[in-house]
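Can you join these two chains into the complex? Each is in its own frame, and there are hints to help.
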Amino acid sequence: MWRKLLTRNEFYVALVVVGLCLVIGAVNPVFFTVGNLFDLVRNSVVMGIFSLGVLIVIISGGIDISFAAVAAFAMFVTAKILVPFHFQGTILVPFALSALIGTLLGLINAVLISQFRLPTMIVTLGTMSAFRGFMLAFIGAMEITNLPPAMIAFSRSFLVTIKQGRFTYGLHVSILILIVLAVLVWFILNKTMLGRGIYALGGDRSAAERAGFNIRRIQLFIYCFVGFLAGIGGIVHSALVRTARPFDLVGTEMSVIAAVVLGGARITGGKGSVVGTMLGVVLVVIMNTSLILLGVSSFWQRAVLGLLIIIGTGIPAYQATRRRRAA
Amino acid sequence: MKQIAWRAILPKDTNVRWLLVITVLVFVSMSLLRPTMFFTLDNFSSMAFQFPEFGLLAMAIMLTLLSGGIDLSIVGVANLSGILAALVLTRLLPAEASALQVVLYSLLALATSLVTGLTCGLINGLLIAVVGITPILATLGTMELFTGIAIVITKGAAVFGFPELITFMGNGSLWIFPVPFLIFVVAAAVFAIILNKTAFGAKLQLLGTNPVAARFSGLNNTKLLLQTYMLSGFLAALSGIVVLARTNSAKADYGSSYTLQAVLIAVLGGVNPAGGFGRVGGLVLAILTLQFLSSGFSMLRFSNFFKEFIWGAVLLVVMVINYLTNTRRERREALLQAKECEVNAQAD
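Chains A and B are the protein sequences, given in the same order. Here the working numbering is used: the first residue of the first sequence is 691, the next is one more, and so on. Here the working numbering is used: the first residue of the second sequence is 783, the next is one more, and so on.
These are computed hints drawn from the structure, not numbers from a lab. Heads up, the beta-carbon is just placed ideally off N, CA and C, and yes, glycines get one too. Be aware that a few hints might be false.
As the list claims (entries may be wrong) - Here are some, though not all, of the chain B residues that point toward chain A, as calculated from beta-carbon distances under 10 Å:
1) ILE852
2) THR924
3) ILE933
4) SER1039
Stated by the list, open to error - The calculated label-pair distances, taken between Cβ atoms and stated as ranges, are:
5) GLU833(A) with LEU815(B): 48 to 58 Å
6) MET883(A) with ALA1120(B): 29 to 39 Å
7) ARG1110(B) with GLU899(A): 14 to 24 Å
8) VAL913(B) with VAL801(A): 54 to 64 Å
If we strip away everything but chain B, and leave its shape as in the complex, we get (with noise of 0.2 Å):
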């Protein structure tokens, strides 16, 4: 009786669970190694600081996992919406700005910088679903324009100085929540009740798991594409404003490494690569067991470069724990399924 009550608790996905565990032997091992550091308010929340730009990015790259593509140019998509957006609060507000005018400016700056999200997202969904480029080609060309553009727009140089209400978007608190993670967990929120409740997240994840499939039972695959890359430069661009608002610069350069990242927690969250299945839970536990390695890894004095092969190992060993549990459940249930045939054709 005890185990179903327990059932009822843990996620229903074998990889999701496995996730879990690992989650928590890290945040436990973590605590245990530094528990004056790491198992602090501070840390906590220096921690919740940091994980929303790339975790943010990640779901990006989730959602066009799942749809059988990928999506190589968000951080190119991140900067160069962060750099239009820069723009509009340095060049456009005027430097003896009203509080209303700076409230203003402050929204055109976010518009600008959501639409153009939205309308690198729109190229690259045209490019894919109408050109009929294989997405990490088109999306590998999208990323080296936008990063190109936004080189050729700032030489090179970073955009800074930014009004007090945009940085308290990236540094502020509200109680004892960071404005960032305010901002990541409304979109984890909604973009699960996209991916789970609507039809869109249904056809989705048709789309992923069998092209073909979705446009026979009567998708309209070009729609769905172009819906599913432009959400997705939405989220880079979001992602672009609060790494603004936080380091009160935008760059063009600004974390290239961020795309592999992002893959990564994408995968070790359970997505398939290959397209069609995913959950958001999954997504959310990647992003936090990431972000426990990293700051513990700190904290024990370890380099960077030493948690990014632990990134790699992890991601690999992930990779082959899935396998070999699959293969031995599919092997399980082979065996099983001969046995009833035995028994049948006995009974026969």
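Just chain A, same shape as in the assembly (with noise of 0.2 Å):
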């Protein structure tokens, strides 16, 4: 049991977050505060809804840079369709919409790299400006504020609230979206055939192609479903903020890989969890928000979170090197 954790990656990951935490509770116990506690829970909704999606892509061997436009296009859209009628209905509209517009997204991005063969990093890069730029130009480019009342409802939900002194602090609603999706991926990467072809893939494509596996369709699902959860994170993204500003998201592409890289999947495929994926990112979370209740100035941010990259891929590379240098 001790064994085998220890070979494990996420072991280290949570190693690593635990011994964080520590730190900065120690430099600082606003940290342990549950109102920090929940926060951070709230800034991490997003990024872990992305994260889902980028893992699944990097576990077959590709790499998905448009998920953020993807998301930011699918909420602008919804926001701009839904807010003209003065939608009154439930928040399930909304979702729905936003889901299926992501999907139909990442329809795009799935022909092309499944029927042209081409490559996902290019495909995705010129997917990204592509969409990004016809929704800034012929959409829109203002940002709506009125949204439909159900999702400014659902930006004060919380599961449970706790009173303290004057403030009441509440668990977001939202983290339940991400544990119903990460259950689902989780799933569907470890408990169904599909999941076995996207690690095959992932693996050797040539390898999986020969063992039966339809490449062309486990890679039609995959765009897709990164469309889905991008279309997800983005709706949720703008009721937690609620606006709906076609800026957002956009830029934060690089610290979500990230996240998921330093989450133990490897980034030439085959390899990856969804609890590495979901360590990963609180690790980024608190990176970005915490560094402040050290006492490190914010111009900081950016630097450490490249030390982070580089230490976090370095060492598992640099193992990996020299047993090959040794074997």
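Below, the structure written as structure tokens:
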């Protein structure tokens, strides 16, 4: 049991997260207050949803950098459609609409990648620029603040609330969405043939082909599903900030990818887990939001994230290189 | 007979030939749509001031793509080296400097910038070749790191106010040629010679095509990768100098969209993103196409967002066309071979 734990990448990521929390908590006790922890959760949800999609793509040996543009597109267009006729219905409609738009955009990626066998990074680079440009040029570039009441209500929905003096802290309900999606992705990856196919594709494409996996269909699913997750992540984000801002989200791609990779997913494919990814997200979110609690100026944020990526990916890479040289 | 003469003039590579057609089409249509604005010497000169900074970055990306990797840190390198050069010019240069001092400090600033570029490239190269991190991750990390250091040094503010000698490098012209344009032309020429005429270029393309084969052919992959990323850092620093000189300022977050733009240009220019293959001619055509489109659309009063859309769309269309022409050619060749086999079999 212990020995097995020691060989798992997740164990070390968890160790780093716990260590980091202890250090920050020791320097500044504010870190361990309920309010701060609930805030951390709230700040992790959207990145967590995105990271699930990125995880699947990375396991399959590809990369998707268009998801943030897809998310912004899906949530903004959803708001643009619903707001003019003063939509009063349930929160499910904006969610479904945004997820649908996301899936359709994902389908464009999926077709380009699976039918034309184009490199995933270049395709998603192109679609990222095309989606974002299309939205800003033809649909609108002004933020929408009068969102449907259901979304505003959602932003104020909490699972539990804790009263401390004058302040009330709440655990936001959106964490449930992340948990459901994480379980879903875990199930797909570990309990279905499709999941086996995704790992196989990332491990060795031609071997997977010979083993009888339908690569095209798997890729079609992957990129549509990433679009779906991006759509949901987008609408959750706009509900949380109570506005649909077309300029949001794009620019966060790299830190999401960094979180997934820090969580132990191998960028060349074939390896990665939901648990590790969630830990990676927590690590990056803590780094992004809690440096200030350490008394470090926020100017250091990017430099520290860079060092984290280099060290986090450098140690396993160096071990692998040494093993290869020794062999 | 006439056909043969044409072939001698046109680029040999099919993809580059396609690109040439696109470039000419874009140029002609923009000239027809806005004859009084686009087809003018003023516009040509203004375009020649604009493209060198991202053209140099595209060259850096091309180089690393050829080696089978990628350098996402180029913009970070350009800004960091620009800022260090700017600090030399603003902090070290005395207020009442003599002409000679200005020249010396300007040279010192340029040297600082280029050395910074080489050092950043060396760090990338070490992380990739010695530590063994995948290029995309290593340079993603260093992009954050270099940008982060630049932010820490400047506290996020711009550094500005340089001697005329420096701003001349960004805004001056020699006869009718803007200085940034000349810098770009020299860099492109040297770059083409390095890629096509030197052992380093040949080795680099072999490395990108098949790193295992390269190692077994006795190439020192580690040294090659170090050189590649240092050269990439050097080109990025050069771009940083052009930006510094043209805008008369250096800033930690300048041109954050340039990374993706540079990758786009390289791929549009026919550089194989999987490594090994690419031509400087294609790259230059891609840079020109994007600049023509960009300037043309501005004159047609399209928004920047529309340009972003078109760039993505152009990239995708070019990739699909390349795919279709390549598979058609492959299929035709396969068919020919099959026929030959059949003929041979019958002859036997």
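Hint-by-hint comparison with the structure:
1. ILE852: holds (8 Å)
2. THR924: Holds, about 6 Å.
3. ILE933: holds (5 Å)
4. SER1039: holds (9 Å)
5. GLU833(A) with LEU815(B): 48 to 58 Å: violated (33 Å)
6. MET883(A) with ALA1120(B): 29 to 39 Å: 36 Å Cβ-Cβ, so the 29 to 39 Å window holds.
7. ARG1110(B) with GLU899(A): 14 to 24 Å: holds (23 Å)
8. VAL913(B) with VAL801(A): 54 to 64 Å: violated (38 Å)
In summary, the numbered hints that this structure violates are 5, 8.
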